[in-house]
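J.: With the hints as a guide, dock the two chains, each given alone in a separate frame, to form the complex.
Chains A and B are the protein sequences, given in the same order. Numbers in the numbering used here are just positions in the first sequence, counted from 1, shifted up by 624. Numbers in the numbering used here are just positions in the second sequence, counted from 1, shifted up by 40.
Check before you lean on any hint, since a few could be wrong.
[Said to hold, decoys possible] Result set (EDC-like, lysine to aspartate or glutamate): computed pairs, CA atoms no more than 16 angstroms apart in a straight line: (1) B/Lys-134 x B/Asp-88; (2) A/Lys-697 x B/Glu-98; (3) B/Lys-134 x B/Glu-187; (4) B/Lys-134 x B/Glu-94; (5) B/Lys-134 x B/Glu-91; (6) A/Lys-697 x B/Asp-160; (7) A/Lys-697 x B/Asp-63.
[As the list claims (entries may be wrong)] The following label-pair restraints were derived from C-beta to C-beta distances: (8) B/Gly-248 x A/His-655: 33 to 39 angstroms; (9) B/Asp-240 x A/Ala-699: 51 to 57 angstroms; (10) B/Pro-48 x A/Glu-653: 42 to 48 angstroms.
These are computed hints drawn from the structure, not numbers from a lab. Quick reminder that beta carbons are idealized off the backbone N, C-alpha and C, glycines included.
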Amino acid sequence: MSVECHEHLDCLSDYIDGELDPTLCAEIEHHMAACGDCRIVVDTLRKTVSLYRNYGHEEVPEDAKERLYAVLKLAYRADDQEAST
Amino acid sequence: MEQKPGAPYPTEADLIRALQARDQSAYAELVERYSPTIYNLALRMMNDREEAEEVLQETFLSAFRAVQRFEGRSQLSTWLYRIAYNAALMRLRKRQLPTTSMDEPAQNEEGDIMPRQLVDWTGRPDEMLLASELRRVLDDAVASLPETLRSVFTLRDIEGLSTAETAEVLGLTETNVKVRLHRARLALRERLSSYFAAVDAVRGAQAGRAYVG
Ligand SMILES: [Zn+2]
Chain A
625 MSVECHEHLD
635 CLSDYIDGEL
645 DPTLCAEIEH
655 HMAACGDCRI
665 VVDTLRKTVS
675 LYRNYGHEEV
685 PEDAKERLYA
695 VLKLAYRADD
705 QEAST
Chain B
41 MEQKPGAPYP
51 TEADLIRALQ
61 ARDQSAYAEL
71 VERYSPTIYN
81 LALRMMNDRE
91 EAEEVLQETF
101 LSAFRAVQRF
111 EGRSQLSTWL
121 YRIAYNAALM
131 RLRKRQLPTT
141 SMDEPAQNEE
151 GDIMPRQLVD
161 WTGRPDEMLL
171 ASELRRVLDD
181 AVASLPETLR
191 SVFTLRDIEG
201 LSTAETAEVL
211 GLTETNVKVR
221 LHRARLALRE
231 RLSSYFAAVD
241 AVRGAQAGRA
251 YVG
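Chain B with its partners taken away, still in its complex shape (with noise of 0.2 angstroms):
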């Protein structure tokens, strides 16, 4: 009897055998689970759509080949993250051209990040923050990261990872995880901090010229 699509696989095991038995919904159902943050983290690491999507299919085409010889010593999450990492970094390490990141101050990993921007923006609504442009502010400011905090910061706080994990797929210490996730999000504050300082500044001298003229 066929499976229908989305048939669940109640453990992980479930879900291993049928692919080792060549299901065909079982390899449906890794991609839908997986292919999120998979996708995600190749676009922040690639900063670029279609590079995102080249490592979304050359991810799955590579698990696919390798899924028969999976022996279940990480989860199926943790080497599919593997493998889309990896294949990023082969891409990052091809292109020619450094990232826009290179001659950002923040991306002097050893360095401290101190924080300069004292301006208190919290009280703003999300719906205000979320106009257009800041989306934009949000993926500039991710995409300023050097490719060691990029990729910490979006399996973690963008995707939900625990320390742990996020570890194994990068192949990193939880301590050094821990490390570049807080000079991530200091680094993150500081653009956010900067873009809502300039904002007000602009609102202020509006705001002159109206009370004025």
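Isolated chain A (complex conformation) (with noise of 0.2 angstroms):
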């Protein structure tokens, strides 16, 4: 990685959500169009956050509700859950 790379790697994340600048954002893509590792960069960045936005989330367990409904004394809402016991 270059120097001019080096440059661009703070605002990558700001680029990636859409939230850079555009003039920058200019600079970037005409600096990817020509640097393969960027491009490398930025796309595995980009995989990286969409992983964990559609995989990274974890159900609470069911038997971990149950139990925290027992201790705050609410009833047991098993919502659709069909005969959660």
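T.: Put into structure tokens, the structure is as follows:
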């Protein structure tokens, strides 16, 4: 990675979030057109974020929810879960 | 007339009024709405399911005690996540042993995380990426971040909070949230890329052997 690559590095999250100033965006895109390393960094950064967005969240386990309701002395809402005992 | 569980509270003010009137279904509504993010924040901060569950319980026990005095200066969500964050932080401080992250280079929060791994693994389909081994890789990668990056990353990228709300929950400036989020992402990208580079090396070696043999 070159000095120029490093100059863009700090802006890459704003860039993939679509929050970067258009002038800087154009500069990054101009640089990326000629720089395979930066294209890879941007693509893998974007993919990293999307993997966690799509798969990083964990449901509260059903038994943990039951214990939570018990501790809080609330009637457990099984919601649409069928017969969760 | 008794309200059904799950009765809708069209506005946040309706829910707050019902909570302050000690309406049981409003308490349950609060738990239903906010426990997912509280649990995920606690899980990523503690790296421990049992402790995450305890943080979840502590958060609502504190919130139920305090909700009568809730003045609506922030959103309910922000208020609850702050309680949860502080509860998790207290536990982390009580832990004598440092978390797994402490000797990771990524924890140098002020330093830059320069991309070293330049392998392109984005063409892989998610099904393949999400074999159970990769699940573990995703979890371990977040666990390897220092706490200051873990909480920001979890709220912003896993739970989808805005920069502004994340900043309010964690008591940071928005600029600081953005800087930390970027460092977290770069560190995670590095870990995932290293993982895929290693997978490819093994595959390549296997393919080479198969070809020769
Ligand atoms: Zn470059």
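J.: Within 16 angstroms, alpha carbon to alpha carbon, are B/Lys-134 and B/Glu-187?
T.: holds, 14 angstroms
J.: Measuring from beta carbon to beta carbon, are B/Gly-248 and A/His-655 in 33 to 39 angstroms?
T.: holds, 36 angstroms
J.: Given the hint that A/Lys-697 pairs with B/Asp-63, does the C-alpha gap stay at or below 16 angstroms?
T.: Given that 16 angstroms is the threshold and the Cα spacing comes to 13 angstroms, the pair holds.
J.: Given a hinted range of 42 to 48 angstroms, is it respected by the beta-carbon distance of B/Pro-48 and A/Glu-653?
T.: Given range 42 to 48 angstroms: holds, Cβ gap about 46 angstroms.
J.: Under the criterion that the straight-line Cα-Cα distance not exceed 16 angstroms, is the pair B/Lys-134, B/Glu-91 satisfied?
T.: With a Cα-Cα distance of about 12 angstroms, the restraint between B/Lys-134 and B/Glu-91 holds, given a limit of 16 angstroms.
J.: Decide if the proposed pair is consistent with the structure: B/Lys-134 and B/Asp-88, CA atoms, cutoff 16 angstroms inclusive.
T.: Status holds; Cα separation ~15 angstroms.
J.: Would you say the C-beta atoms of B/Asp-240 and A/Ala-699 sit inside 51 to 57 angstroms of each other?
T.: Given about 53 angstroms between the Cβ atoms, the range holds.
J.: Hinted pair, alpha-carbon criterion (16 angstroms max): B/Lys-134, B/Glu-94. Please report holds or violated.
T.: Since the Cα atoms of B/Lys-134 and B/Glu-94 sit roughly 14 angstroms apart, the hinted pair holds (cutoff 16 angstroms).
J.: Need the status of pair A/Lys-697, B/Asp-160: alpha-carbon distance at most 16 angstroms?
T.: violated, 51 angstroms
J.: Under the criterion that the straight-line Cα-Cα distance not exceed 16 angstroms, is the pair A/Lys-697, B/Glu-98 satisfied?
T.: holds, 13 angstroms
Hint violations for this structure: number 6 only, all remaining hints satisfied.
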